[in-house]
Amino acid sequence: MKNNENSRTGKKSESSLKSGEEIKPPITETGIIGWLKANLFNSPLNTIITIIILFCFYKIIPPFVKWAFIDSVWYGPSSGCQGGSGACWAYVPNNIRFVIFGLFPSGEQWRALIAMLIMVATVVYSGKRERWKTSLIYVWLVNTILVGIFLKGGILGLEPVESTKWGGLVLTMLLSVIGMTAAYPLGIVLALARRSKMPTIRTMAVVYIEMIRGVPLISLLFMSAVMFPLFLPEGVTINKIFRAQTAIILFTAAYIAEVVRGGLQAIPKGQYEAAESMGLNYFQMMRLVVLPQALKIVIPPTVGVLISAFKDTSLVAIIALYDLLRTCQSTLSDPRWMGFSTEAYIFIALIYFIFCYAMASYSRKLEDELGAGKSY
Amino acid sequence: MDGNKIKEPIWTNATFRSVIYQVAAMSMVALAGYYLFSNTQANLAKQSIATGFGFLTRESSFEIGESMISFSSSDTYLKALAVGALNTIKVSFIGIILTVAIGIFMGIARLSTNWLVSRLAAIYIEVLQDIPVLLQLFFWYGIFNNVLPSPRQAIIPMEGIVLCNRGAYFATPVEHPVFTWVWYSLILAVIIIFFLRRWAKKRQEETGKIFPLITASTIIILAFPLITWVIGGAPTEMEIPTLRGFNFQGGYNISPEFGSLLLGLVLYTSAFVAEIVRAGIQSIDKGQREAAESLGMKPLFVMNLVILPQALRVIIPPLTSQLLNLTKNSSLAVAIGYPDFVSISNTTISQTGQAIEGVALIMIMYLTISLITSLFMNWYNHKMALVER
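If you're matching them up, the sequences are chains A and B in order.
Heads up: the first sequence begins at 2 in this note's numbering, then just goes up one per residue.
Heads up: the second sequence begins at 290 in this note's numbering, then just goes up one per residue.
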């Protein structure tokens, strides 16, 4: 698919050399001209389409380049942008600290940075297939505790930082990494419950999964924001980030459960029967025989669920948590940067894009390796 | 263990165990439910918040920016929620039509033999999929508010179309009784096509003759309203939006809220639909096309009778789930102030304090939509299931 630009470009074939005299293909069939002919002008209709697109490029690209690169302001205070006709990229250096770290005390931001690096490193480390062992669970546990220590402080001589001050990209990453980690086992339990032979357990799982999948995430977040405090006994309060995190976990788990169920259904009955005839009990059968196979089949769609979960953390901005989207939005209410929403949103869109694209490419690579080839 | 013992102890009996597990699970859920319920009761009593849906018939006393039915602040909460529900349906309905159209177009473009077209489609799909839909909504809302000029300096690309920070304005035909009849004739045309299809299918099954259904349907659906319009005197007078005071008057207005919500939802979802369409078309084995062609079928029939029916079986289930996602994502309207169902429920919650009822209403609304969709899906899967002989 990506290599088809090379498919027609001429490489001297071995056989033509043997026949004594080398016959070169006509110049119009090789090199750039051949490629153009094969890929852009291969039929009258395609020729017309190509010309129309090139004309649109001619109309759109120069003004865009002028706006984004030539007339743009790259640094300095916002006053340098006023009245200019180009993009105000000076927004980025002026606001990047707040957008990334939120209200985290500026002297302590290195801690938030380290916490982020630990999270990224843990996720990247888990990407390699040969590391999918029990020891990985301990790596995650240790790293989660480390992240907690760095963010919260209070011990090892670190200044305590209230969780209300956590924000920006740090919060987005925290919500998604913890959300994914907690939702995954919960999703597996739900999937097993849905496949259970016990009718009440199955019914409860079905009701839970279908109810959660039927409503938008924002209704769960509202629930966590306005309804959850009513559920708790008098005097007990749970902080807002934790409540939103719970909503995200409960939501993501339902989607993971459906993906895992697909994997469980794909395991042939013989596997279950073989495991049972070996004398394994239910938990041994699931842990040693069924789940390792089922989970492997559904890795690509699982990564898909995780990508959506990452993007969906942006919804906490609606219930006034200062995640990446919300910190960016709040810089725009600053009179100095008001009106530069395009530049600001392009900047954070780029951050989201890089993360999602990395995960999606990883999933595609894995799909090729596993030869599953199916994604849904 | 004594192997000769025939009577097993009751705790190793599978049925007994399963009953115990189920009773345990149910009592745990019931206990947790009771605990939450009693806490909630105590909290509500302490904060003296009323319960029940009695508030629905009270006066809402807030205004709604845009509404398909007339609404004023003296109307009830029930009516306000109805306005919200209609707005949700409106944006979802228009969004779904546009999403399917753009998605199919982009999915086919992705498979184009033209390198430029397929690359552009790939970029479209990749970029829009990987940016959160809420961010996209904010982006377009920001474009409406910060980039587009005020009504006085509005952009007028052509007569009858106006773009400014108050939204987009389009010229509309001046009201005329003929247009009512045009609508009737359109409905009539749809009914006729429905029966024509049945007749054509029956005739083909009996005689093998193929009726040019697509051509005929297109002609009927265009000609009927057109003829009605001409007979009615062909009124061409247009209502052109004009600047009066600080804003434009006349014509059809797409508010910045509705415009950015629709744009964000459609662009985001259509990228996913494009991927689904591409996968669906690619899932059809090349041999199917070759076999159909070797039977001497015309290209159009190859597509309509061989490729599409098989590709649709792959496409429809994930497509429905994407369109359902669009409907659920329309709830993000609350973030940019478009008065959809969630947004109005939210206002209701903050005015009455009845959070439980408000959130319950939101969930019931979307669960109903999901339920109807999954009923449709079951019906469709049943209809499209491979009939093996």
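Please note that a few of the clues may not be correct.
As the list claims (entries may be wrong) - With the Cβ distance kept under 10 Å, some of the chain A side facing chain B (calculated, not the full set):
hint, residue
1, 234
2, 289
3, 293
4, 316
5, 319
6, 347
Derived by calculation from the structure, the hints in this document are not laboratory data.
Each residue gets a CB set at the ideal place from its N, CA and C atoms; glycine is no exception.
Hints versus structure:
1. Interface hint status for residue 234 of chain A: upheld, as the beta-carbon distance to the closest one in chain B is roughly 5 Å, under 10 Å.
2. Because the closest C-beta pair between residue 289 of chain A and chain B is about 20 Å apart, greater than 10 Å, the hint is violated.
3. Hint status for residue 293 of chain A: violated, given a least beta-carbon distance of 24 Å to chain B, over 10 Å.
4. Hint on residue 316 of chain A holds. Least Cβ distance to chain B is approximately 6 Å, under the 10 Å limit.
5. Satisfaction of the interface hint for residue 319 of chain A is found here, the shortest Cβ-Cβ separation to chain B being roughly 5 Å, below the 10 Å cut-off.
6. Because the beta carbon of residue 347 of chain A sits about 8 Å from the nearest beta carbon in chain B, less than 10 Å, this interface hint is met.
Of the numbered hints listed earlier, those contradicted by the structure are 2 and 3.
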